[in-house]
Structures are given as C-alpha cells and as structure tokens.
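Work the whole structure out from these sequences, hints included.
Listed in order, the protein sequences are those of chains B and F. All the letters of the first sequence, read from the start, carry residue numbers 1 to 477 under this note's numbering. All the letters of the second sequence, read from the start, carry residue numbers 1 to 555 under this note's numbering.
If you are wondering where the hints come from, they were derived from the structure by calculation, not from laboratory data. Hints are supplied without guarantee of correctness; some may be wrong.
Under the rule of at most 30 Å between Cα atoms (straight-line distance), these lysine-lysine pairs were calculated in the DSSO-like manner [unchecked claim]: (1) B:Lys438 with B:Lys373; (2) B:Lys410 with F:Lys247; (3) B:Lys300 with F:Lys153; (4) B:Lys26 with B:Lys115; (5) F:Lys182 with B:Lys469; (6) F:Lys102 with F:Lys61; (7) B:Lys428 with F:Lys102; (8) F:Lys152 with B:Lys428; (9) F:Lys351 with F:Lys247; (10) F:Lys189 with B:Lys410; (11) F:Lys152 with B:Lys438; (12) F:Lys61 with B:Lys62; (13) B:Lys62 with B:Lys162; (14) B:Lys373 with F:Lys152; (15) F:Lys102 with B:Lys355.
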Amino acid sequence: MLNTFSILSLIIAIPFLGMLFTLFAKESADGTTRNVFSVAVFAVIANIVMILRIFMLMEVYKPGLQLVETYNWMQNPNIDIVFGVDVLSLMLLLAIHIAFIIGFIGVRDNLVHQKSLMVWSLLFLSMITGFFVAADIFSFYIFFEAMLLPLFMLLGMFGDVKRQEYVNRFLFYNMVGAVIFFVATVLLFNYQHGMLELQQLNNMKLDSRLEYFIWAAIFISLLSRIPVWPFHYWIASVNSSIRNPMIFLISMILPLTGIYGFVRFLPKTLPAILGNYILILQIVGVVTMLFIALIGLINKDRQYKIFAYVTVYYIMYMLGILTRNEVILLNIAFSFFSYLIIVASMEVFSHYIAKEQNRLGVMDDGLLCTYPKISIIYSFMTLAAVGLPLSSLFLNNFLILSDLLAINIKMGIIMLLSLVIVSSALLKELFRLRDSEKCVLTNNGEDISRGIFCFMLFICFVLLMSFIKPLWFVIGA
Amino acid sequence: MIANSVLILAIWGALGSILASPKSNKIVSFLSFIITSVMFFFLSDNYLAGVKQNFSFEWLKYMSLQVDIDLSSTTANYAQILPVYVISLFSILIAIFNTEEKRKQRFCCLVILNLCAVSGAVCAINLLQLLICSCLITVFGFCIIDDMDARKKYAFYNLLADLSLFSVCSLTYGYVGSLDFKSLPMFDKLGSHRDLVAILLAFSICLKIGLFMFHNQLYDLSVLHFNRLSYLLFCSTPLAGLIILHKFYPLTSVSVYARPLLEVLSILTICCGIYSALIIDNIKEKAVGLAQVLFGFGLVSFLFLSANFEKVENVILLGGYLCCLILFAIYYASSYELNVSKMGGFFSGIKFGFVLICVALFSLLHYMMLTFAPANYILSIIFSVLLILITAHIFRQIFFGQSHADERVLAMLKNPAWYLILAMVAISFLFWQEKYFDYSKELMGFFILFILLLVIYPLRKIEPLYNKELLQESDVFEDVFDFLIITPLTILGRILWLLVDFILIERTIINSLSDATGLLIRGVSKFNIFSSWLYLLYVIMSFGLIAFLGYMGNK
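Structure (structure tokens):
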C-alpha cells in the first residue's frame with residue numbers, strides 16, 4: 001500500500017461501515033427501526049461532509065484527476081488500484097448523496113424490510129462512490145458490477161407480483177453488459193501488459209481489429225445501463241413495478257454509471273472506427289427520447305412520467321457526451337447535480353402522495369390542496385424540472401443545447417421537442433394534483449412534518465444557489 | 001436608480017409573499033403601495049431630469065459563459081418601465097380597496113416582484129438576462145392567476161413560448177458565440193438555419209402576446225377578478241412578448257417568413273379583437289378583445305411603420321389599461337353584472353361615470369393620434385375610427401336604449417369607486433402631457449362621429465348574437481389544436497407503446513429469448529444422460545475440434 005490514509009478511500013469506506021453498523025443496529029423495543037434509519041442517515045451525512053472537505057482540498061478549476069491514490073493490489077499479474085477525482089465526479093457524488101438523504105426521508109416510515117433496505121442502500125452507495133473515484137480499469141470494472149448486487153437484492157425483496165420477471169430482465173441485460181465489459185477489460189489488460197489507468201485510454205493506440213472489438217464491447221456494456229432503445233425496457237419495467245422511492249432512486253441512478261462510463265472511456269478525439277456507429281447511436285437516442293416522451297405524455301402512471309423525464313434527460317446527456325466537447329461535458333456535470341436532486345425529490349413526494357391516496361382511499365386529483373407543504377415543494381421541483389430558472393439545470397441546459405444545436409440541428413430539434421413533451425407531461429400531472437375543483441377536503445391528511453419541510457426548503461435553496469453560482473459551497477471558487 | 005428600486009422592491013416583494021398572512025393583509029398591501037409610489041416618483045423625477053446611471057453586475061465569469069446583469073438607468077429604459085409602474089400602482093391601489101380581492105398582500109407582493117422582473121427584461125443587454133426575466137414574468141403571472149383552468153392553459157402556452165425563446169437564444173449563442181444583443185445582427189452572417197430561428201422567435205412572440213390563433217389563453221383569464229385580469233393583460237406575459245420583439249427585432253429580418261407572419265397575425269389580431277369586443281357578451285372578454293385591438297394597433301404601427309417603440313408601448317399599456325378600467329368601472333357600477341346583454345339604460349343612473357369614461361376615451365384617442373399620425377396619418381385615423389366604432393357600440397348597449405338589467409342592478413346603480421376614477425383621471429392626464437391641440441380638428445370629428453354612432457346605433461343587427469350560445473362558448477382554436485396536435489400525439493404515443501414496447505420487446509424479443517433458452521436447456525438435457533456411446537461421441541468431437549484448431553493455427 002502506497003498511502004496510509006487517504007480521503008478517497010475513506011468516502012468509499014464510510015457508507016460501507018455505515019452498512020455494517022446498520023446491520024448490527026438493534027431495532028427499538030416497539031418494533032420500529034428508528035435506530036437503523038438514524039445510523040444510515042448519519043453515515044450519508046458524514047460522507048457529505050467528507051465530500052465537501054474534498055472540494056476544499058482540490059483545485060476546482062484544474063483539469064484532470066486530483067488527490068490520486070494508488071494501491072498495489074497484486075504483484076503478479078501486476079494490478080494497481082487507482083483512485084482520483086475531478087469536479088465532475090465529485091459533483092455527481094455530492095448530488096447522489098443528497099439524493100440519498102432525500103430518498104431516506106421517503107422511506108422513513110417504511111416498516112417492511114426496513115433494515116434490509118438500509119443495508120443494501122448503503123452498500124450501493126459505497127459501491128457507486130467507489131465507481132466514481134475509480135481511476136483504473138480494474139477498480140472501475142469491479143465497482144461497475146458490484147453495484148448491481150444491492151439493486152438485485154432490493155428488486156427481489158420489494159418488487160410486486162411480477163418481480164421474478166423483472167429481476168430476470170435486469171439480470172439478462174446487465175449480465176450481458178458485464179460479460180462483454182469483462183472481456184474488454186481483460187483484452188486491454190493483456191494488450192497493455194499491466195495496469196491501465198482510465199486517463200491512459202485517451203492516448204492508447206490499438207490494433208484496428210482489437211480497437212473495433214474493444215470499443216464495441218465498451219459501448220454495448222455502457223449502453224446496457226442507459227435507457228436507450230431497446231435497453232430502456234428493463235429500466236422501465238423496474239421503475240414502474242416498484243413503489244419504493246429509495247429503490248426507484250437507486251435504479252434511476254444506475255443509468256448514470258453508463259453515462260459516466262462514456263465520460264471516462266471516450267477519448268477526446270473519437271476513433272474513426274466509431275464514426276458511423278455514433279451516428280446510429282444518435283439516431284437511436286433521439287428516437288428513444290421522443291418515443292419515451294410520448295409514452296410519458298399518455299401514460300397515467302405518475303412514476304412512468306418521472307421515468308420518462310429521467311430517460312429523456314439521460315439520453316440528452318449521453319448524446320452531449322458523445323460530442324466530446326469540453327464545455328458540454330462540464331455543463332453536464334453541473335446539470336446532473338440539480339437533475340438528480342430534483343428527480344429524487346419528485347419521486348419521494350410522488351410516493352408520499354400515492355401513500356396518502358391509498359390511506360384515504362380517494363382519487364389523487366386535487367389531493368395537493370390538502371397538503372400545502374408538499375404542494376409547495378412538489379411544485380417547486382416540477383417547475384425546476386421543466387427548465388425554469390430555479391436551478392443550475394436552466395443555465396447548463398442552455399449551454400448544452402446551444403452547442404448541440406450548433407453541432408446537429410436536427411438532433412437538437414428532436415431533443416427540444418422531447419423536452420417540451422416531457423415537461424408538458426410533468427406540468428399536466430402537477431395541475432391534476434393541484435386541481436382545486438377536485439380538491440379532496442379531509443381532516444385526516446397528514447402533511448410532512450415541519451422538520452422535513454424545512455429540510456426540503458433548504459434543498460430548494462441549494463438548487464437556487466446552484467443557479468446563482470454553481471460552486472457556491474466551495475470557498476474561493 | 002433602476003437598480004436600487006429593483007433591489008428594494010425585490011426584497012420587499014419576496015418577504016411579503018413569503019410572510020403573507022390574513023392578519024397583515026391590508027397593512028402590507030398599503031405599505032407595498034407606498035414603497036412602489038416612492039420608487040415611481042424617484043424614477044419619474046430622474047426621467048424628467050434626464051439622469052443617466054450605469055449599473056452592471058458581473059454575475060457569471062466562466063470560460064464558456066460570461067453574463068452580466070445590467071440595470072442601467074437610461075432614458076429609453078425609464079420610458080419603458082414607467083408605464084408599468086403606473087399600472088402596478090393602480091392595480092395595488094384597487095386591490096387594497098376593492099372588496100372582491102381577498103388575498104391582497106399576496107397579489108400586491110407578486111405585482112412588485114413582477115415589476116422587478118419587467119425592469120430586468122427592459123434593461124437586459126444580453127440574451128440570458130432577458131430569457132431569465134421572461135421566465136420570471138411567466139412564473140409571477142402564473143402565481144397571480146388564481147383559477148386552475150386558466151392557469152393550465154397559461155402555463156402550457158408560456159412553457160412553449162419560453163422553450164421556443166430558449167431555443168432561439170441557444171441557437172443564436174451557438175453560432176454567434178456572444179450573448180450580447182449588439183451581436184444579434186451578426187447572426188445574419190455567421191448563423192445558419194435562419195428560417196427556423198426567425199420562425200421560433202415569431203412563435204414565441206405570438207404565444208406570449210396572445211396574437212391571433214394563440215389568444216385563447218387570454219380569454220381564459222376572464223374568470224379572474226377584473227383587477228387581476230387588467231394587470232395580467234398589460235404587465236405580464238403579453239408585455240414580455242413586446243419586449244422580446246423589441247430586443248430581438250434584428251432577428252426577425254434574417255428570414256423572409258418571420259416579419260410577414262407577425263404582420264399578418266397582428267392584423268388578424270385586430271380583427272379578432274374587434275369581433276370579441278362586439279360579439280361576446282361577457283364584459284371581461286370584451287376587455288380582452290379591446291386589449292387585443294390595442295396590441296394589434298401597436299404591433300401594426302411598429303412592424304409596418306417602424307413607429308417609436310416607447311410611444312407604441314405607452315398606447316398599448318396605458319391605453320389598453322384605460323379601456324379595461326372603463327369596463328371595470330361599468331362592471332363595478334352595475335354591481336358586478338357580467339353580461340352586457342343584461343345592461344342598458346344606465347345613463348340616468350351614472351351620468352358622471354359616463355362623462356368621465358368619455359373623457360378617458362378621448363384622451364386615449366388624442367394620444368393615439370400623437371403616436372401613430374407622424375408615422376402614417378391615414379392609418380392613425382383608421383385606428384381611431386375603429387376604436388370609436390367599438391366603444392360607441394358597447395356604450396350604446398350599456399348606457400342607452402331599453403334596459404335589460406335586473407331590477408336589483410338598476411336600483412343599486414352607482415358611480416365608479418373613487419380609486420377607479422382616480423386611476424382613469426391620472427392616466428388620462430398623462431395622455432395630455434404633450435402637444436395639446438395638434439389634432440384638435442380630428443378630435444372634434446371623432447367626437448361628432450361618436451355621438452352619431454351612439455344615436456344611429458348602426459350595428460344594432462349584431463345584438464341578437466349575444467344569445468347565440470355557439471358563438472359565446474365556442475373555443476375554435478382549442479379544438480383545432482386538440483385535433484391537430486394533442487390527439488395525434490396521444491395516438492402516436494399509444495401506438496408506439498403497444499407496437500414497440502409491448503409487441504416487439506415484450507412479446508417478441510424477450511419471449512423469444514426465453515423460449516430459446518428453454519429449447520437450449522431441453523436440448524442439452526437430452527444429450528446429458530448416462531450413455532457410453534455419447535461419451536465416445538463427445539471425445540471424438542473434442543479431438544476433431546483440437547485437430548481443426550491446430551490445422552488453422554499452422555495455416
């Protein structure tokens with residue numbers, strides 16, 4: 001081991017330790033799982049503090065990976081594990097952690113398998129943290145695959161009656177991706193005769209046949225995580241079958257790993273061999289965007305609408321990354337920050353509304369009139385989601401789209417059209433929930449507590465600040 | 001100075017709307033009025049004294065994006081902002097004293113916040129500032145609307161408008177590489193897809209202003225309180241549309257389609273406004289019709305004759321608001337009677353009100369002549385005659401002839417409230433600020449025409465149309481949009497879901513894979529049985545494979 005104490009390893013370890021503590025935390029005498037919940041939340045908050053500390057330690061305007069840590073894992077074959085972060089990965093990590101806190105709020109009162117939910121969620125968080133700090137191909141691959149286990153377990157535990165079917169789809173798509181990626185990793189390792197840092201991939205010259213195979217393998221495996229046609233189907237099935245905000249959140253974060261993979265793997269100048277395939281991918285991408293947006297518009301399930309929104313944005317980001325434009329890349333990172341928080345909040349409150357609807361046994365039309373606090377937060381998040389200047393999404397999307405439109409106008413227009421459709425779907429849903437004419441007047445409605453409301457107001461403030469100054473929490477940035 | 005006023009008003013407006021409570025309803029509204037008045041007097045003093053002050057705040061300074069917030073106090077900016085202040089002040093005043101307005105504090109604070117956003121839009125020297133302010137105006141307008149159905153349509157129309165504007169700004173920035181409005185003319189040289197940009201811009205302007213075909217959103221606002229309706233018609237998104245047109249004017253010429261499109265739609269808007277003002281029974285919808293007419297006049301004179309934008313804006317905003325106040329005064333006098341068909345013979349009950357309304361109308365005609373006549377005399381006469389024709393027709397139905405009013409309404413007829421009188425007098429006074437008698441002959445002619453129209457009542461034959469339910473309730477364009485856009489999209493969505501997700505992926509790919517796996521397992525299980533012959537076969541096959549690979553390797 002080259003470094004004895006390293007902050008990047010620590011942020012992987014904290015959720016893992018949190019998971020262990022959660023595993024051994026005792027349930028309260030009355031059967032509630034408040035201890036388990038508190039331990040999990042504490043672990044995530046501790047990690048957020050560490051991430052903010054890392055922001056302080058690094059030079060945010062410096063390009064490339066920073067705070068690099070290297071561990072020698074094996075001598076023969078020579079495999080080193082390398083960790084490192086840049087602003088992009090750190091922003092994503094911070095957003096994921098905040099999204100997790102929001103997700104935990106959504107499952108605070110969950111009584112079914114609460115301990116398992118917390119344990120697997122924290123394991124997922126640990127793995128995805130490792131994934132975002134991984135700087136060599138081996139650790140990247142390990143974390144890329146390891147994060148599937150918690151989701152697999154959660155799907156099995158919390159899925160509905162058709163869970164077996166969904167788990168099979170999940171396994172099928174992800175296993176295909178995993179196997180192909182593994183082969184590509186081994187080939188690259190063999191070609192390089194040793195350890196391979198992700199940054200080196202940009203400069204590597206490969207034999208043309210090998211290059212073709214490796215890029216194809218990497219593309220397919222990364223695409224299997226992103227809801228591009230036909231891979232969208234497993235994600236759509238999972239998202240519409242699970243009524244647990246935390247699991248929805250985790251399955252919603254999973255495509256981010258595919259997107260991030262493209263950021264890390266694609267060289268600055270795309271190999272000529274990929275040219276035609278990129279065009280095909282662009283066409284498939286925009287068609288999927290439009291297709292999912294339209295289905296989101298007609299589908300009455302609120303969760304599907306959120307899924308449609310998530311998908312359209314993911315594909316837009318993916319297509320942005322494929323342009324290999326530095327400005328787009330940076331803006332995607334900042335945009336993701338707001339996007340993840342917004343989607344997490346919308347999902348949690350959407351679930352809360354559904355729960356109240358079931359409890360009261362009423363239709364959800366006009367339900368928000370009875371819940372003023374939820375109404376404020378849900379409305380804010382929806383308006384921010386549709387692109388009003390309430391979060392960094394507005395400015396970053398402006399820059400992303402201005403570049404994408406300049407690069408390929410047809411693609412840009414279909415993207416815009418999809419954004420309009422998916423935003424309309426969200427707005428339509430908001431109006432249905434706030435329809436005062438169909439207002440459900442009840443005295444039994446339980447709005448969120450004042451504490452949660454204040455916390456969510458703070459989250460709204462964070463989003464607003466991300467619009468005013470994206471790196472406002474970094475001193476001197 | 002504009003910067004200071006925006007800052008102070010923004011803080012006050014934000015605090016007021018967050019801390020809104022029934023207890024502080026009146027006091028906060030009153031304080032809002034005082035603060036806005038003070039700001040208005042400072043700004044108008046500076047305007048009259050010709051004070052100029054630069055204010056630029058460096059907001060974002062990144063490699064890819066540099067944005068400054070500009071709130072400079074220039075004569076042009078003052079001239080554009082002050083009419084909005086006037087309308088805002090009277091809207092707040094009416095909200096304070098009118099008993100129909102329940103959530104006074106919230107409304108007043110939203111008006112103040114909207115005023116800040118409008119100031120930001122007027123002062124904008126870059127695309128992003130205008131885009132952000134336009135979105136903020138949309139949001140504040142949305143909050144002012146307190147009816148869910150009206151909100152829905154407003155939100156969808158403005159979402160489309162803002163996203164179109166967003167696309168225009170993105171495309172322009174992508175090609176020109178600068179956010180500055182001064183760089184817009186460069187788009188003609190550097191940019192491509194000019195038609196698309198110009199049409200998107202025209203689309204955004206049409207949606208914002210509510211030009212012909214996109215006017216339904218404005219008519220839906222007629223369910224709101226008259227004060228809110230008047231405010232929204234002239235200080236919210238339609239005003240944002242005007243500002244966008246003014247700022248992006250160079251872009252309308254990059255394509256051969258945009259300006260003719262706007263010109264044609266402006267003329268059609270006038271026709272549509274005249275139709276509504278004459279045919280529609282609902283007095284609030286008549287107000288919307290009159291607003292459309294004035295917007296149409298302003299746009300036609302700006303687009304065809306390049307009339308002075310600040311003056312055109314004054315005619316549209318103050319003139320339109322004055323027309324709304326006139327109808328509001330009648331509405332108030334008749335104890336909130338909504339249908340003009342249920343009025344008539346009001347003159348005996350509200351003589352003073354009628355005289356005041358006529359004075360207000362002729363003040364507007366005077367100012368219209370001052371604005372439009374220097375650009376084109378004939379057109380200004382046509383506009384004035386059209387306005388006289390409409391107003392005389394409406395006034396004839398309301399003030400003269402046989403009364404169709406309820407007995408209760410007739411018994412309770414009263415002159416307009418003092419705040420409405422004050423507002424009408426103040427705005428009329430503003431119209432007489434310059435050149436008193438330039439068009440005195442024309443005004444005399446208009447007066448004679450007005451009297452003649454009242455007496456002759458030439459359009460009496462269209463009065464029975466008030467009873468035609470089809471005309472009163474029809475929403476043609478909503479049905480057209482529904483038929484041409486919403487329904488096909490919905491059907492397409494369903495077909496795609498059924499065809500691609502369900503039949504292709506679920507029933508074909510996944511089921512085929514599942515069946516293939518089953519077949520494979522069944523096939524393998526048949527071979528995998530205890531049999532010496534099969535072992536022998538496998539061994540021979542393995543040797544064969546090794547031999548083949550060896551041969552291929554040597555080759």
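Those earlier numbered hints the structure runs against, lowest number first: Hints 6, 9, 13, 15 not satisfied by this model.
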